[in-house]
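Once you have looked at the hints, place chain B on chain A.
Taken in order, these protein sequences are the chains called A and B. Residue numbers for the first sequence follow my numbering, beginning at 1 and rising by one. Residue numbers for the second sequence follow my numbering, beginning at 1 and rising by one.
Since the hints were made in silico from the structure, they are not lab data. Computed from a predicted structure; not experimentally measured. You may find that some hints are simply not true.
[To be verified] To be clear about the criterion: a stretch of chain A counts as covered by chain B if any three or more of its residues have a C-beta under 8 Å from a C-beta of chain B, and this derived list gives those stretches:
(1) 8-18
(2) 177-183
(3) 369-380
[What the hints assert, rightly or not] What follows is a list of derived Cβ distance ranges for each label pair:
(4) A:Ile279 x B:Glu9: 55 to 65 Å
(5) A:Ile278 x B:Ala201: 50 to 60 Å
(6) A:Leu13 x B:Val232: 50 to 60 Å
(7) A:Ala346 x B:Glu66: 48 to 58 Å
(8) A:Leu362 x B:Ala201: 11 to 21 Å
[To be verified] Taking lysine-lysine pairs in the DSS-like style, the calculated list, with each CA pair at most 27 Å apart, reads:
(9) A:Lys310 x A:Lys15
(10) A:Lys337 x A:Lys263
(11) A:Lys81 x A:Lys250
(12) B:Lys40 x B:Lys197
(13) B:Lys127 x A:Lys7
(14) A:Lys81 x A:Lys255
(15) B:Lys225 x B:Lys197
(16) B:Lys127 x A:Lys293
(17) B:Lys230 x B:Lys32
(18) A:Lys310 x B:Lys230
(19) B:Lys171 x A:Lys7
(20) A:Lys340 x A:Lys101
(21) A:Lys49 x A:Lys144
(22) B:Lys136 x B:Lys197
(23) A:Lys7 x B:Lys197
(24) A:Lys370 x A:Lys7
(25) B:Lys23 x B:Lys197
(26) A:Lys293 x B:Lys171
(27) B:Lys197 x B:Lys238
(28) B:Lys171 x A:Lys310
(29) B:Lys194 x B:Lys171
Think of the CB as a built atom: it goes at the ideal place given N, C-alpha and C, for glycine as much as any other residue.
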Amino acid sequence: MINLAYKDVMHTLGKFTVTAMGVGMLLGIVLIMIGVYRGMMVDAETLLKDINADVWVVQEHTLGPFAEASRVHEDLKDTLKGIQGVDKTAAFTFQNLQLPKESTPVRVVAVGFDPFGEVDVINRARLVKGTGLTHDHFQIVVSKVTGFDVGDKILLGRDTYNVVGVTVGTVSSGGDPLVYVSLKDAQKLQFLYSNAQIRNDRDRGIPVSSETHMVNAVIATLKPGFDVDSVANDIQRWKHLSVYTRAEQKDILTKNLIERASKQIGLFTVILVLVSTIIIALIIYTMTLEKMKEIAIMKLIGIPNSMIIKMIVQETILLGFLAFLFGNLFSHLIYEKFPKRVVLDAPDALALFVIVILASILASFIGVRKVIHADPTSAIGG
Amino acid sequence: MSDKSNKQEQSIRVENLVKQFGKGESLVEVIKGASFTIYKGELVALIAPSGAGKTTLLMMIGCVLEPTSGQIYIGEEKVYDNRWLTQNTRSIRREKIGFIFQAHYLIPFLNVIENITLLPQTNGISKEDSEASARKILNYFDIEEKAYAMPSELSGGQNQRVAIARALANKPDIILADEPTAALDMDRSINVVKMLKQIAAEQNVAVIMVTHDERMLKYCDRVMKVENKKVVFQEFEKEGG
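Just chain A, same shape as in the assembly:
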């Protein structure tokens, strides 16, 4: 049996392919949008996974360093050891910094930790050059995307830091590159005022605090066999602090912080899918209109509607399928050019494929309707 759709597509192959490429670029953007969302999720969890803490202890009534300002005493890491079930502890600071660079400063999130402590936050699998922190002072490990390399010098605050290591794939929940400095340096950068500020405060009668032994959070890992929730409750009750388990911290990062962004991206994605569907429908409608004379003739000479409808639906599905392939190709060609992480997951592509095919079938209805209502008598009389 002659496949009308195949014959028609082959007859206008160039036009059909270019049309599919156009729709494909739209679908490629849809995939990129989904990839941006996935990237945000991955970014949000990167640091959490690298630190791999069972509980996060932060200032009372705050959500912790990623969502709200939090300050706790550094020595909390020692007092937590008194809680039954706590194994290792570590104190951290998190702060935004602008690394000075010739052209434009590079915005980063600096993680301060004790390089000789119980928890090393630098994931060795991500360290592609140099070493981790080996000294208490003036060393920095940077993310590769900052553009700095091992041996470079970076002026931060009053001091010059040596780049001793380069990592890849290390980003904060906001997508900014991570850098690692020692806890002492980080405390100095975050809490120590400049000389001029200290003099100014003295003149105003404001007592100058030399207390820099504050951190943004203390984490703890638990000994095997202890229930996370139960230990978290103990810390909260006795230390008057807010405590979050790993799952709760993940929820804070993925739900509280990027919920709006993900909704925004989700809405964009839905709109783009709708626009793609409308475009496919319009293309099919136009293609059907172009064939109305042939359709009227086919109906007049006795070709059943089912054959003509099959042609329209098959062409629409083929258009959707080709557009999906081009969309995938397009998104894979450009996704690395985006400044923030874009994660192209196969299940997302599969879901989009199903949506595109369903949307194509839906879009073909407009052409099918035109076929059903085509008047065969219009073929008579020239």
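Relative to the frame of chain A, chain B by itself:
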């Protein structure tokens, strides 16, 4: 009515066919009690002034437009008796009627042999059998070498021959030709009409040809005219007669 009355096999018979459009005061009667029989092997011209109802008549006997009342037989089968006797009039067209239009109206994305075999294959005939049959028809029209050409690659005359070949492909009882010479010059028009006459005789099929060109009438077996809403057969001078 000067109906031909011999023992020939009937191709189409119409009795008291009526077609009205509209209702009440806006009711218009286009065809009023038409009765005639066309036999296999005949080429019959259908003439009438513009707007007299010849296209309406052609569409009714082509099972495209439903009459208001009357009876229609195609071959020996009654297909209309004040209502269609089958729900699927398209299958009647597919199996019993061939159509030829003013322009060739071939499907532009199908090649010559696909255009010709589309209907037979839709009727359930295998690709091999329908292609073998199509090749015979193409050979008959002397364009077998164009079997795999696209319509856009053929001349106007070749396309018209392919269109006639398509009308023959489903071995119809009747071929309805709607002004097949309207777009052709005199010589080509005569060739097409002679070809239709030859087809009618050799393929034993009735051909009803709508025409405005009275110069073509002499090549036909009979001339049918829509006059005052009635169908009449008119006298005319035959070629060589």
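These are the hints, each one checked on the structure:
1. 8-18: holds (count 4)
2. 177-183: It is violated, with 0 qualifying residues against the three required.
3. 369-380: holds (count 4)
4. A:Ile279 x B:Glu9: 55 to 65 Å: holds, 56 Å
5. A:Ile278 x B:Ala201: 50 to 60 Å: holds, 56 Å
6. A:Leu13 x B:Val232: 50 to 60 Å: With Cβ atoms ~53 Å apart, the hint holds.
7. A:Ala346 x B:Glu66: 48 to 58 Å: Hint holds: Cβ distance 56 Å, inside 48 to 58 Å.
8. A:Leu362 x B:Ala201: 11 to 21 Å: violated, 53 Å
9. A:Lys310 x A:Lys15: holds, 20 Å
10. A:Lys337 x A:Lys263: The given pair, whose Cα atoms are some 23 Å apart, holds under the 27 Å limit.
11. A:Lys81 x A:Lys250: holds, 24 Å
12. B:Lys40 x B:Lys197: holds, 11 Å
13. B:Lys127 x A:Lys7: holds, 16 Å
14. A:Lys81 x A:Lys255: violated, 31 Å
15. B:Lys225 x B:Lys197: Distance ~19 Å between Lys225 of chain B and Lys197 of chain B Cα, so the pair holds.
16. B:Lys127 x A:Lys293: Holds. Lys127 of chain B to Lys293 of chain A sits at ~26 Å (cutoff 27 Å).
17. B:Lys230 x B:Lys32: The given pair, whose Cα atoms are some 6 Å apart, holds under the 27 Å limit.
18. A:Lys310 x B:Lys230: Roughly 42 Å between the alpha carbons, so the hint for Lys310 of chain A and Lys230 of chain B is violated.
19. B:Lys171 x A:Lys7: OK: Lys171 of chain B and Lys7 of chain A at ~25 Å, within 27 Å.
20. A:Lys340 x A:Lys101: holds, 20 Å
21. A:Lys49 x A:Lys144: Within the cut-off at roughly 19 Å; holds.
22. B:Lys136 x B:Lys197: holds, 18 Å
23. A:Lys7 x B:Lys197: Cα-Cα ~34 Å, so violated.
24. A:Lys370 x A:Lys7: With a Cα-Cα distance of about 20 Å, the restraint between Lys370 of chain A and Lys7 of chain A holds, given a limit of 27 Å.
25. B:Lys23 x B:Lys197: Measuring from Cα to Cα gives roughly 41 Å; hence the hint is violated.
26. A:Lys293 x B:Lys171: holds, 24 Å
27. B:Lys197 x B:Lys238: holds, 13 Å
28. B:Lys171 x A:Lys310: Holds, at roughly 26 Å.
29. B:Lys194 x B:Lys171: Holds - the C-alpha atoms of Lys171 of chain B and Lys194 of chain B are around 19 Å apart, at most 27 Å.
Hint compliance for this structure: hints 2, 8, 14, 18, 23, 25 are broken, all remaining hints hold.
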